[in-house]
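Number of protein chains: 4
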Amino acid sequence: MTLKTREDYLAGLRKLKPNIYKFGELITDVTVHPATKRTVESHARNFDASHDQELATLYTTNSKFTGEKIHRWNSMMQSSDDLIANMNMKRQNYRRTGTCSGGVCVGWNAQNVMWAVTQDMDAEYGTNYQARLKDWILMAQAEGLVVAGALTDAKGDRSLKPSQQEDLDLNLRIKEVKDDGIIIQGAKLMICGVAASQEIFLMPGGAYKEPDQAFALACVVPRDIEGLTIVEATRPSDRRDLEDTADGEVPSTGITQGLLLFEDVFVPNERVFMCGEFAYTGKVIQFFTANYRACIGACVAGQGDVMIGASVLMARANGLSTKTFMQKFVDMSMNNQITYGLGVGACAVGFQHPSGSFVADPLTAHTNKVMVATLPYETKRLTQEIGGGMVETGCMPSYQDFTNPQYGDLLHKYYKAGSVSAETRYKSARLAEWLSIGGGVPGCMHGGGSPDGAKLMVRFTTPFEEYAEYAKALMGIEESVPEPRR
Amino acid sequence: MTLKTREDYLAGLRKLKPNIYKFGELITDVTVHPATKRTVESHARNFDASHDQELATLYTTNSKFTGEKIHRWNSMMQSSDDLIANMNMKRQNYRRTGTCSGGVCVGWNAQNVMWAVTQDMDAEYGTNYQARLKDWILMAQAEGLVVAGALTDAKGDRSLKPSQQEDLDLNLRIKEVKDDGIIIQGAKLMICGVAASQEIFLMPGGAYKEPDQAFALACVVPRDIEGLTIVEATRPSDRRDLEDTADGEVPSTGITQGLLLFEDVFVPNERVFMCGEFAYTGKVIQFFTANYRACIGACVAGQGDVMIGASVLMARANGLSTKTFMQKFVDMSMNNQITYGLGVGACAVGFQHPSGSFVADPLTAHTNKVMVATLPYETKRLTQEIGGGMVETGCMPSYQDFTNPQYGDLLHKYYKAGSVSAETRYKSARLAEWLSIGGGVPGCMHGGGSPDGAKLMVRFTTPFEEYAEYAKALMGIEESVPEPRR
Amino acid sequence: MTLKTREDYLAGLRKLKPNIYKFGELITDVTVHPATKRTVESHARNFDASHDQELATLYTTNSKFTGEKIHRWNSMMQSSDDLIANMNMKRQNYRRTGTCSGGVCVGWNAQNVMWAVTQDMDAEYGTNYQARLKDWILMAQAEGLVVAGALTDAKGDRSLKPSQQEDLDLNLRIKEVKDDGIIIQGAKLMICGVAASQEIFLMPGGAYKEPDQAFALACVVPRDIEGLTIVEATRPSDRRDLEDTADGEVPSTGITQGLLLFEDVFVPNERVFMCGEFAYTGKVIQFFTANYRACIGACVAGQGDVMIGASVLMARANGLSTKTFMQKFVDMSMNNQITYGLGVGACAVGFQHPSGSFVADPLTAHTNKVMVATLPYETKRLTQEIGGGMVETGCMPSYQDFTNPQYGDLLHKYYKAGSVSAETRYKSARLAEWLSIGGGVPGCMHGGGSPDGAKLMVRFTTPFEEYAEYAKALMGIEESVPEPRR
Amino acid sequence: MTLKTREDYLAGLRKLKPNIYKFGELITDVTVHPATKRTVESHARNFDASHDQELATLYTTNSKFTGEKIHRWNSMMQSSDDLIANMNMKRQNYRRTGTCSGGVCVGWNAQNVMWAVTQDMDAEYGTNYQARLKDWILMAQAEGLVVAGALTDAKGDRSLKPSQQEDLDLNLRIKEVKDDGIIIQGAKLMICGVAASQEIFLMPGGAYKEPDQAFALACVVPRDIEGLTIVEATRPSDRRDLEDTADGEVPSTGITQGLLLFEDVFVPNERVFMCGEFAYTGKVIQFFTANYRACIGACVAGQGDVMIGASVLMARANGLSTKTFMQKFVDMSMNNQITYGLGVGACAVGFQHPSGSFVADPLTAHTNKVMVATLPYETKRLTQEIGGGMVETGCMPSYQDFTNPQYGDLLHKYYKAGSVSAETRYKSARLAEWLSIGGGVPGCMHGGGSPDGAKLMVRFTTPFEEYAEYAKALMGIEESVPEPRR
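Chains as they are written, first to last, in my numbering: chain G, 1160 to 1645; chain P, 1160 to 1645; chain Z, 1160 to 1645; chain C, 1160 to 1645.
The shape of chain G in the complex, shown without the other chains:
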């Protein structure tokens, strides 16, 4: 088996049937369309890294099944070191692309979580989900697949459960169970990196009880499966992507999010890993979020590293020493290290499921999610503070102005500060802007669930009564101290 290359990956994408739309139009080739080529490039750089001597140890590992060298993003994670390696790869990825590469993240996590849950389900129900999953994983490892993951249902009226909605499609559901597979229908919203992915791992969007059995569903589908329509979401600055000028925010990399619309999609049995076993949906969510919220600390840290870098450039391009802002730089670095180090801590004190899959410590991981939803915002604010007004509101003339024959020269003259060219100053400001208020904002606050959801988990995993007992023991309090009666 040879490790797939950038070229293999791009060829793979081109072979897929076009089913992705943006601005109401079908994208025929995601590798060249200006709306998608940047997220594809971000993902392609992973393949480069796997073949790069310096980076290969980060981006590759050996298959626990075959022993062969594989891309790390197709591997099983069965120790804290495996989870930490996941984090290290992601931090590096953000440094090399400036943003998220969802196709080498969510599907990977999903495959490991489902490895654990399928084993539990098989034990209880006599199903053979784990064997199906293993076959798919072996294929994914051999093909070096890029796999997005999808959790978020449309949800409809949130005060009602999926089965209580007027329109059952508001959560992705099993419409029909056939002998050789299942028919699914509904939507998944806000999925990251779909346009750059070859397959999509579908997971249940919540912890369901019996009435919602039809929504207890996990499977993996090719991105171009029959009946699936994908709509790429718009965001404030994405019209810039359509221009091939210096106003394009960052020249090559990027990330996009999309929506999946499933109409009578048939998924063959060998790709189905949960089909109605509602009792296990909670475990899927629990394991998935624990790992996701631990590891995402590396993502925002890596993007924060680039914010530091952009701010260093910006300070100098403004004619100022980085020493002027050293306290801010130190704060930025600490913000990055907190989410990274706390995520690593969650991995280090995690636990191993009997299947071998390793799960990060929930209390630490969910605490980290709250940090991920706050600290990077302060880092962005500091990026804007260091960069000055140019960065804060992106207040710069456009490319067409800089090249205007009448006053373009004047703009160059007035935008040069210190020893660095106006162009570098302009590019540095664009990068800082892109990271802090533009298309580089990766959506880490709600990705993998909201910070309020994380706080709820912190509440449930903190042993408050045990802590009260420590306090009682210290003071020699012997009476019972119950919650007050109402």
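These are computed hints drawn from the structure, not numbers from a lab. A quick note: this is a predicted structure, and the numbers were derived from the prediction, not measured. Ideal Cβ positions, reconstructed from N, Cα and C, are used throughout, including at glycine. Be a bit skeptical, because a hint or two may be false.
Unchecked claim - Derived pair list, reagent style BS3-like, types lysine-lysine, alpha-carbon separation capped at 30 Å:
#1 G:K1482 with C:K1368
#2 Z:K1320 with P:K1320
#3 P:K1293 with P:K1223
Said to hold, decoys possible - Here are some chain P residues the structure puts well away from chain C; computed CB gaps all over 10 Å:
#4 A1170
#5 R1255
#6 Q1323
#7 I1384
#8 L1387
#9 H1512
#10 D1568
#11 A1581
Following the hints, position chains P, Z and C against chain G.
Chains P, Z and C alone, transformed into the frame defined by chain G:
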């Protein structure tokens, strides 16, 4: 004299000679061009308010010179109540437009600051600047002028003073003094609301010493003065403004920033209020920033009020009660009230200059600037947290998708949550996005100077040695406690 | 009428019948007992200030009734300037004593609030409370009385209302209404400055409804009224006060809190200002907390000023320049100015009750209370950070060690750093410790109600629906956006 | 070899010659003197734990030298798991004692750091330090020694290096090198847990260069070594310890700090591990602080757990449900988990020295120190906020008041709230007070160096230039972007 109306104002703008460019092209009518019509509308709403029974007390006052009713933004501010009225008008303005209206703010502040400084200069140098200024103010009051203000020079190499720059134009300068006026040359960058203004008040960009005498310059010029080229800045989301679809962020209002390029511009004497009196540039900066940084607390509070409103809509449109997020709403409200109330406090304990002009307390005002550069960022973060993933990254399909004949219906189906229409949910998300990561971000962090500059002023206005004496007195310490020798 | 002096005040205290206990023992003379003499000294300094040329404008004013010069703390506050003058006096007071002087604060506020509420009650019920109050105020002004104020009831089981408690005494109550006065019984807990006060203003502890009529009670009593027992509270460091050595934390000033135990106390009618009018208890609380929570911003600012002073001394005594810590000093100064300036802002945008009494703006005042409950804690943390380990845990040898014949010299040798004496270093550390972790901590977090109570008021005074309407107007949303049905 | 017990430990302490003073008086038996018995009890509980079935895995391990079971605090730490086990033991220790137990912490860290550095010194200089150290470690393991550690010199004038001080004793120094040992003189200040320790590990207080060779000194001495005088520091609340009443803050446990005064102390060669090798002092500091600042995250987390516990009790004793404060409890739990998890993360991505000693990752560890110096302060503030006024200023009557025959009953009556006894309410408040403003404050902000020192290390370990290169690569910037010339 009759109070000018929206129609008068728009007619006034249309009479100006076109000299504003965006994306490399001349804008012939700022009142209808999609790139500028929103900021014009924001300013026009001030005229509506002046004629609105409920709002007139906020938006109008009587001229201290003539006793006649005038727009408040042309008035003299000679008491703490006048400054607080300025704040109340601005907070209301943000609530009615969602963002900044620089043309009823900076020029107004400038006229009052220069009223004080011209009196001091006239007393020392026997000049007649104040009389000139009074004539202009009377005209501005009569015409109900909208006046932008410009402080920020290009600056070039910041380690060098203006007169030390290789290119003297890098700070706006007096190129030549003639009998009947002056020739100025250079640039002012990042000026707010210029496209909606009829005149521009130019102020010195720093506190200068003798070698930089040529940069000690204050005057007011018509927006279309001969030799002035204006370039509107671009920002991440402004391509949306060019589309007349629902993707346009907010339908009607907005704000833009621009750059002013002065080439051999002749300003007649009657519009010149400082011409080389470098010794008074410091006072201009000091008075201007004190008032600006006190009052800007109302601006960000008013925008914060709209963020609360958008978040209320967003929560409900997501199908959730506002109670779910009450702690966040309370935090948002407190953030707003801190910058507002602290600004009011700065006004209330300010001082009156012998000229009558009232100046906010520097220590309180500069402290407020630091709050203005931090708290609204947390309010934005909360707006994104309450709004969910739709708001955080603006992750929604475009207008063209929602109206796509093939799958547009599906999008409507999946975006409806609870009892509110998909369209209202979509619009609420757009507003929240526009306020927190889009074109509604008004640039308050660096507007009127950086937070670091404000901290420097806090340092210089805090009586540290006096405080040390209190400590010594409390402990009965009698020995001197000096800084350690190096 | 002559303005009372320190001597008059001390003589007044000595004339009172001893009824204050600490550590189980009766204090016969509060002006000399080591447990109370420091708080008395703090209050006595107010009289000094009233007679000090520089400070007299802060500490005195003219009676609105008689026109005569009186101590400010006996005055009526009938404009925003009066409230701001209250704040300025308090900030100065903290600078001169290092902590709270409750006897020139709470009673003063109470008299002004009751001035308004008695007028309303008299209008509705035909009572003559305001006339009674006026008589008392005139006497208090003539005598220059120091008046504590008491709100906090014991409360008992908080899930039950006062009238539902098993023991009715758990809230201070009217036990009997007689022709010439009332009998009251119960307790008030945690009252500040009682030991230094001549009278105590009693106010209702909550907003009561009809069943709790017996608790709707306001009156003012001499501190030594028959049937009242006062117990001074202990706090971690107060044993030090009992030693007359350098370990005594600050040599002269201080503050204490106490508890009031009322057993069948008869209050004559002329001192009763509310007697069962439950419908007005809410207004008392509302006006009292608005003024209290605005003005307390000056208190913590003044103490923060001393923390800055102590930290300046401490840095230098450690042999370090204040520049080393300048960012921290600036942060401390801003923290002080925020609570001060925001309080001033609340006063400036307050409203005048028809009685003349001026009330601070609730939303701003309650927001300030939350700041008062957070920012000073950060200032204390910075005091400890600048001061070093000596301050953080007060880790120093005791006075007895420093004077130990065997090793005292060694301690002096090792505690000298730089050019300042070991003694000054030691005293500076004691002051910093006293302010941040010792007896100088004034209890501002819960004084005047908890921050959570303040947040509740922020919630109720923020016009959320109005803000939602602004958002709708901006987006042209016309449909109703109600709370979701459950 | 049998594992030493509490009794062995107490007997060992009693055998030591009295040389500890407090309040100017010699303490003859630290195990019973009220000033020291609480810190002794805290340490004794470690021995209990080692013999407790549930806790033994936390508190014991096997010697890497002999394979025998030893107390964990005498062990070698040679993997990230060993460091994490250190953290877990400490978190548990804080839960069981409420505060720090310095004698099972600093000496332990020192022995492991010196294991690494002695190997490096031996390799370069041919010394036999590591062999000496090994002998001592084997003895310490056999005896189950409790070993304090001392870094902080008196320092004197901080602008001068040790060798430049007028008085050379201001830093602990080698006064004379003899054939069989060294004579040392000077002082170490602010050492934790000395009164409960059997030996003291002395380490260099800074990174020294050649002129300061005489201060490059590491050794371990018995606590009662000839020529050593120890003075226990005082702190605000420690007079309470001297009373054996309920006012004593916590009944049994505690921590103290002390000062070491060395006068001509002879240390035999076999206990000397560094003697003038100044070039290695930096490494000692670097390794020591990395491990210390990683692991201290567990200490403050453990104390924070008790703060949660005390606050749970306090809320209920006040008659309120913990749900009322749930957001605060969640914040407290997250604060604890951040310092714990980030410390674990620092351990997990640390590195192994060739000697086997494991060192935490510096960037992460120093970042954690800054968190340790901030987050617990917020947790304390929340403890005071939840607890109410009783906790904030410890505002309660004293034991003598509660037992006063005249009014003691009244106090019990008024302090009961809800279903819990007044005594439990009182004790819970005492605990909360002790943890947040009393003797339980462990001094973690400056322990192991200041947060500013940690920020300096963050600065030096963050690869700013590498981050700038990532930014350049993303934007295709090819020109050099240097610091501006001055």
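These are the hints, each one checked on the structure:
1. G:K1482 with C:K1368: holds (26 Å)
2. Z:K1320 with P:K1320: Between K1320 (chain Z) and K1320 (chain P) the Cα gap is close to 70 Å, so the pair fails against 30 Å, i.e. violated.
3. P:K1293 with P:K1223: Measuring from Cα to Cα gives roughly 11 Å; hence the hint holds.
4. A1170: Check passes; 45 Å lies beyond 10 Å.
5. R1255: holds (34 Å)
6. Q1323: holds (13 Å)
7. I1384: holds (35 Å)
8. L1387: holds (31 Å)
9. H1512: At about 38 Å from chain C, H1512 (chain P) clears the 10 Å cut-off, so the statement holds.
10. D1568: holds (40 Å)
11. A1581: holds (32 Å)
When the structure is compared with the earlier hints, a violation turns up for hint 2 alone.
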